[in-house]
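Chemist: If you want the building blocks of each chain, they are given just below.
There are 4 protein chains.
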Amino acid sequence: MTVDTIREGEWVLLYYDERKSYVVRVERGKVFHTTHGSIDLSTLIGLPYGATVETNVGEKLIVSRTRFVDRLEGLQRVTQVIYPKDLGYILLEAGVGPGSRVVEAGTGTGFLAATLAWYVRPSGRVYTYEVRRDFYEIALKNFEVLGVLPYITPRNKDIRDGIEENDLDAVVLDMPSPWEVVEEAASKLLNGGTLIAFVPTTSQVERTLHSLKKTGLRMVEVTEIMMRKYQPKPGELRPQSLGVTHTGYIISSRKL
Amino acid sequence: MTVDTIREGEWVLLYYDERKSYVVRVERGKVFHTTHGSIDLSTLIGLPYGATVETNVGEKLIVSRTRFVDRLEGLQRVTQVIYPKDLGYILLEAGVGPGSRVVEAGTGTGFLAATLAWYVRPSGRVYTYEVRRDFYEIALKNFEVLGVLPYITPRNKDIRDGIEENDLDAVVLDMPSPWEVVEEAASKLLNGGTLIAFVPTTSQVERTLHSLKKTGLRMVEVTEIMMRKYQPKPGELRPQSLGVTHTGYIISSRKL
Amino acid sequence: MTVDTIREGEWVLLYYDERKSYVVRVERGKVFHTTHGSIDLSTLIGLPYGATVETNVGEKLIVSRTRFVDRLEGLQRVTQVIYPKDLGYILLEAGVGPGSRVVEAGTGTGFLAATLAWYVRPSGRVYTYEVRRDFYEIALKNFEVLGVLPYITPRNKDIRDGIEENDLDAVVLDMPSPWEVVEEAASKLLNGGTLIAFVPTTSQVERTLHSLKKTGLRMVEVTEIMMRKYQPKPGELRPQSLGVTHTGYIISSRKL
Amino acid sequence: MTVDTIREGEWVLLYYDERKSYVVRVERGKVFHTTHGSIDLSTLIGLPYGATVETNVGEKLIVSRTRFVDRLEGLQRVTQVIYPKDLGYILLEAGVGPGSRVVEAGTGTGFLAATLAWYVRPSGRVYTYEVRRDFYEIALKNFEVLGVLPYITPRNKDIRDGIEENDLDAVVLDMPSPWEVVEEAASKLLNGGTLIAFVPTTSQVERTLHSLKKTGLRMVEVTEIMMRKYQPKPGELRPQSLGVTHTGYIISSRKL
Numbered sequence: 058m059t060v061d062t063i064r065e066g067e068w069v070l071l072y073y074d075e076r077k078s079y080v081v082r083v084e085r086g087k088v089f090h091t092t093h094g095s096i097d098l099s100t101l102i103g104l105p106y107g108a109t110v111e112t113n114v115g116e117k118l119i120v121s122r123t124r125f126v127d128r129l130e131g132l133q134r135v136t137q138v139i140y141p142k143d144l145g146y147i148l149l150e151a152g153v154g155p156g157s158r159v160v161e162a163g164t165g166t167g168f169l170a171a172t173l174a175w176y177v178r179p180s181g182r183v184y185t186y187e188v189r190r191d192f193y194e195i196a197l198k199n200f201e202v203l204g205v206l207p208y209i210t211p212r213n214k215d216i217r218d219g220i221e222e223n224d225l226d227a228v229v230l231d232m233p234s235p236w237e238v239v240e241e242a243a244s245k246l247l248n249g250g251t252l253i254a255f256v257p258t259t260s261q262v263e264r265t266l267h268s269l270k271k272t273g274l275r276m277v278e279v280t281e282i283m284m285r286k287y288q289p290k291p292g293e294l295r296p297q298s299l300g301v302t303h304t305g306y307i308i309s310s311r312k313l
Numbered sequence: 058m059t060v061d062t063i064r065e066g067e068w069v070l071l072y073y074d075e076r077k078s079y080v081v082r083v084e085r086g087k088v089f090h091t092t093h094g095s096i097d098l099s100t101l102i103g104l105p106y107g108a109t110v111e112t113n114v115g116e117k118l119i120v121s122r123t124r125f126v127d128r129l130e131g132l133q134r135v136t137q138v139i140y141p142k143d144l145g146y147i148l149l150e151a152g153v154g155p156g157s158r159v160v161e162a163g164t165g166t167g168f169l170a171a172t173l174a175w176y177v178r179p180s181g182r183v184y185t186y187e188v189r190r191d192f193y194e195i196a197l198k199n200f201e202v203l204g205v206l207p208y209i210t211p212r213n214k215d216i217r218d219g220i221e222e223n224d225l226d227a228v229v230l231d232m233p234s235p236w237e238v239v240e241e242a243a244s245k246l247l248n249g250g251t252l253i254a255f256v257p258t259t260s261q262v263e264r265t266l267h268s269l270k271k272t273g274l275r276m277v278e279v280t281e282i283m284m285r286k287y288q289p290k291p292g293e294l295r296p297q298s299l300g301v302t303h304t305g306y307i308i309s310s311r312k313l
Numbered sequence: 058m059t060v061d062t063i064r065e066g067e068w069v070l071l072y073y074d075e076r077k078s079y080v081v082r083v084e085r086g087k088v089f090h091t092t093h094g095s096i097d098l099s100t101l102i103g104l105p106y107g108a109t110v111e112t113n114v115g116e117k118l119i120v121s122r123t124r125f126v127d128r129l130e131g132l133q134r135v136t137q138v139i140y141p142k143d144l145g146y147i148l149l150e151a152g153v154g155p156g157s158r159v160v161e162a163g164t165g166t167g168f169l170a171a172t173l174a175w176y177v178r179p180s181g182r183v184y185t186y187e188v189r190r191d192f193y194e195i196a197l198k199n200f201e202v203l204g205v206l207p208y209i210t211p212r213n214k215d216i217r218d219g220i221e222e223n224d225l226d227a228v229v230l231d232m233p234s235p236w237e238v239v240e241e242a243a244s245k246l247l248n249g250g251t252l253i254a255f256v257p258t259t260s261q262v263e264r265t266l267h268s269l270k271k272t273g274l275r276m277v278e279v280t281e282i283m284m285r286k287y288q289p290k291p292g293e294l295r296p297q298s299l300g301v302t303h304t305g306y307i308i309s310s311r312k313l
Numbered sequence: 058m059t060v061d062t063i064r065e066g067e068w069v070l071l072y073y074d075e076r077k078s079y080v081v082r083v084e085r086g087k088v089f090h091t092t093h094g095s096i097d098l099s100t101l102i103g104l105p106y107g108a109t110v111e112t113n114v115g116e117k118l119i120v121s122r123t124r125f126v127d128r129l130e131g132l133q134r135v136t137q138v139i140y141p142k143d144l145g146y147i148l149l150e151a152g153v154g155p156g157s158r159v160v161e162a163g164t165g166t167g168f169l170a171a172t173l174a175w176y177v178r179p180s181g182r183v184y185t186y187e188v189r190r191d192f193y194e195i196a197l198k199n200f201e202v203l204g205v206l207p208y209i210t211p212r213n214k215d216i217r218d219g220i221e222e223n224d225l226d227a228v229v230l231d232m233p234s235p236w237e238v239v240e241e242a243a244s245k246l247l248n249g250g251t252l253i254a255f256v257p258t259t260s261q262v263e264r265t266l267h268s269l270k271k272t273g274l275r276m277v278e279v280t281e282i283m284m285r286k287y288q289p290k291p292g293e294l295r296p297q298s299l300g301v302t303h304t305g306y307i308i309s310s311r312k313l
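Chains as they are written, first to last, in our numbering: chain A, 58 to 313; chain S, 58 to 313; chain L, 58 to 313; chain V, 58 to 313.
No lab work stands behind these hints: they were computed from the structure.
Hints are not guaranteed to be accurate.
It does not matter which identical chain is meant; a pair holds if it fits inside one copy or across any two.
As the list claims (entries may be wrong) - Here are the simulated lysine-lysine pairs, PhoX-like style, with alpha carbons at most 20 angstroms apart:
id, residue 1, residue 2
1, 290, 245
2, 117, 87
3, 214, 271
4, 271, 87
5, 290, 270
6, 198, 245
7, 290, 271
8, 198, 77
9, 270, 286
10, 270, 77
11, 286, 198
Here chain A stands alone, though its shape is the one from the complex:
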């Protein structure tokens, strides 16, 4: 079994207990503060993954490798983000995988573009549009620390002014008025390509459906993904009392 050591620039998960863990990028000279004390991240460099470290108040943390979704958790957020339940469904429904060419808008915090980019690696590409300069810059930073920037072309541009790319496998719209982009998106999709819109209200679904119909897109589907977490206690299994009951409606359609 291989044992890797922690290097600068890598992400680590600091596990305290089943209720609390933290995700952070290891930077030399940076101190990370938790509710269980602080830790100098420089001291992690060179340790084997799986090591146990102590905070300045003597609390123990296990240092673990991260998954992609863990690293998303560690990012700076500026907009409402999409959850894994929706990200995963969108990925399959959009037909996006290694090698795909995808346009996405608006970039926002960059969760969706980053996820798409992680999955089109190494030969695919994600083109993401964001009209606001401040969001664009935060997303750029996020793409960089996640290591997905080589697979992304970020554009600080309003997608309603036109899509620059052609021969797309998919266009994914996470913006307030996807209906303003439907016709343009359809013209840039490959045959069989998928247009996805993700919106929170039923009025937005209605307007998008009208626009899809007018543009001649087919195989239209509106889907809602609901997730329920359970209390994972052996002998006392039960759904959690409170949870996320809505994020958005996923509207899918195809250019045939």
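With chain A fixed as given, assemble chains S, L and V onto it according to the hints.
Modeler: Just chains S, L and V now, with coordinates in the frame of chain A:
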């Protein structure tokens, strides 16, 4: 805009209307029968994607490129299969993407292994275990026609007799008794690696939770993904009256 | 423990097994046909409840007393009916109980009016409006065989032409265009009274919300009740794979 | 249209806006404190329902009549309470209505017993068992202020020591170990009577199912009622982001 032509061995989607379409692999000399008449698949070869063809009774079908999930629909099934809502969530939760090394069991029809394989391309690998010879052979055929066989090592073997691989990013168990494999799987995971079990009943969740606890796996989560499709008719948007209300519980845990 | 005997005109439940039972009203001289053979209902008269009888092909059925919801199941249906999950919620949300005065429309098959009537007994009253003569007559018959007619005033009239009653505790609208009745209903409700609308599409919800706002009704709520049945097998508890995923949205508001 | 005036001892709803309202019982000499100022409840006596009053800081409140579920909201709580979504379903599923004889345990805060009592009025009766003296006394007080005490026989007794009543239409168990009462309950139910158990975990469902099977109860059903509230804003209709995702499983069975 690129226009590709249909070649032998490719999958196509034959679209009739919003309610009915078909997915089939183009084979020379094969006749495909639909409820709207039959079509000689040889005649599709060389046509541009997006062409309209006619069945022997004069019904029109649009011939379209397929997405990966479309092609899954076109496969022969021998076991209960996993839906995209669960596949997508498992993918992200397992941290599986291009380059990942994953063990999966039981293979069954091969939907889960094939999906994992499609996403670990081109540098990752999926090792899938199936004890039944007949299932193993059907899955092998399915992997081949989907084009994912180069990324899969299929094993006609009971996973309870041991996992041959090491340094795994994830182990995904879609089998009746995942608790019998938990300890072995944990020993073969990399630090931070994920163990996923997918089971239909609450008793199976309970037994798996006991086993995870005993083995020392952490960050245990039990999740259920529910999907609701809507009638996508502009002006009459409403959830469908009947739908899938359960497939399985997704149990996730990490080796820290 | 009291043992009652079966009398003519009563409803009985004929239990075959956990998957199949029948509900029928005992009428002298009537033969009831089941998939497990037929039974002359006259022979049930005078038997104690809980007795076991045999069909003409020797299959055994237990004869049991019925609940109100069982009897609803035994009625002739002409329209989409409301399920117990929604009926129960509407009952509490409308504040309807013994002694309440309620207007309901459209009558349709009569499930909703009958349920409200059963619960306002003995001193309350339900006024139900139905524009179609054929539905009105079927509902009348249903009210009679359920024994709730003494508590109902059925009106063969379009509720959009006006509500004849005053001082109402609640108005419950199960009709395609509740927004056309909102203002009139509001004028006939007591202070604190509840207006409920039950509609299947989001557009109908939108139009009703606009109308409620314009009319000045308060405490507006839109609620959806989802039900999931489980396979009740000890050791194999799991939600049923397929189920009802939508019936309607319940819009509630108050006249303050 | 009748206009009633507010009397001492009645419950009123004090409406501030669509997000905030209060429910309180009018008592002479009592001052009620809200986040929008306080109000001397004596000043409400004699006012017509629907009047607008001012708090000591000049905020306006509309004084409205209450529904039964509003009054439940105004009660002192000592235990986890049941929501209207479950109360309504249990009511219909238990076949409880005007005239029914019902046993309930454990009393707890008294929400369930009070609701059952409100619906069995005027000729039915609810017998409720509570082993803890302190809960029993709080429930007693709650029954009194709700005006349902005349229809309830509260028993400060462990229901596992026996049910004193016979010829019951329904037994409703909202307690940690319903399986300990199943056999006794079955012996006291009328033919066709319903036994309901309401439990939060899947293990409790399993144990109850085993016990129902052993005791010979039939028509066993396990049901979960999920509720989703929508943001009722015209033009921006959408499900609320967070909500109640679980309260309990409803197990229903019949004595045939």
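Chemist: Under a CA distance limit of 20 angstroms, which applies to residue 290 and residue 270: within one copy, between copies, both, or neither?
Modeler: Classified as between: cross-chain Cα gap 9 angstroms, same-chain 48 angstroms, threshold 20 angstroms.
Chemist: Please sort residue 117 with residue 87 into within, between, both or neither, judging by C-alpha distance up to 20 angstroms.
Modeler: For residue 117 and residue 87, the Cα distance is within 20 angstroms only inside one copy (19 angstroms; across copies 54 angstroms).
Chemist: When no copy is named, should residue 271 and residue 87 be tagged within, between, both, or neither for a Cα gap of at most 20 angstroms?
Modeler: Neither way: residue 271 and residue 87 sit 54 angstroms apart in one copy and 36 angstroms across, limit 20 angstroms.
Chemist: With identical chains treated as interchangeable, where does the CA-CA distance between residue 198 and residue 77 reach 20 angstroms or less: within a copy, between copies, both, or neither?
Modeler: Result: close neither inside a copy nor across copies, 26 angstroms intra and 42 angstroms inter.
Chemist: Treating 20 angstroms as the Cα threshold, decide for residue 286 and residue 198: within, between, both or neither.
Modeler: Answer is neither; intra-copy 31 angstroms and inter-copy 36 angstroms both fail.
Chemist: Regarding residue 290 and residue 245, is the shortest C-alpha distance of 20 angstroms or less found within a copy, between copies, in both, or in neither?
Modeler: Intra 50 angstroms, inter 25 angstroms, cutoff 20 angstroms: neither.
Chemist: At most 20 angstroms between CA atoms: does that hold for residue 198 and residue 245 within a copy, between copies, both, or neither?
Modeler: neither (28 angstroms within a copy, 35 angstroms between copies)
Chemist: With identical chains, the pair residue 290 and residue 271 could be close in the same copy or across copies; at 20 angstroms between alpha carbons, which is it: within, between, both, or neither?
Modeler: between (51 angstroms within a copy, 13 angstroms between copies)
Chemist: Please work out whether the CA atoms of residue 270 and residue 77 approach to 20 angstroms or closer within one copy, between two copies, in both situations, or in neither?
Modeler: Answer is between: at 17 angstroms across copies they meet the 20 angstroms cutoff, but 47 angstroms inside does not.
Chemist: At most 20 angstroms between C-alpha atoms: does residue 214 with residue 271 qualify within a copy, between copies, both, or neither?
Modeler: neither (26 angstroms within a copy, 41 angstroms between copies)
Chemist: Go through the copies and call it for residue 270 and residue 286: within, between, both or neither, with a Cα cutoff of 20 angstroms.
Modeler: The answer is between: 18 angstroms across copies meets 20 angstroms, while 36 angstroms in one copy does not.
Hints 1, 3, 4, 6, 8 and 11 from the earlier list are contradicted by this structure; the remaining hints agree with it.
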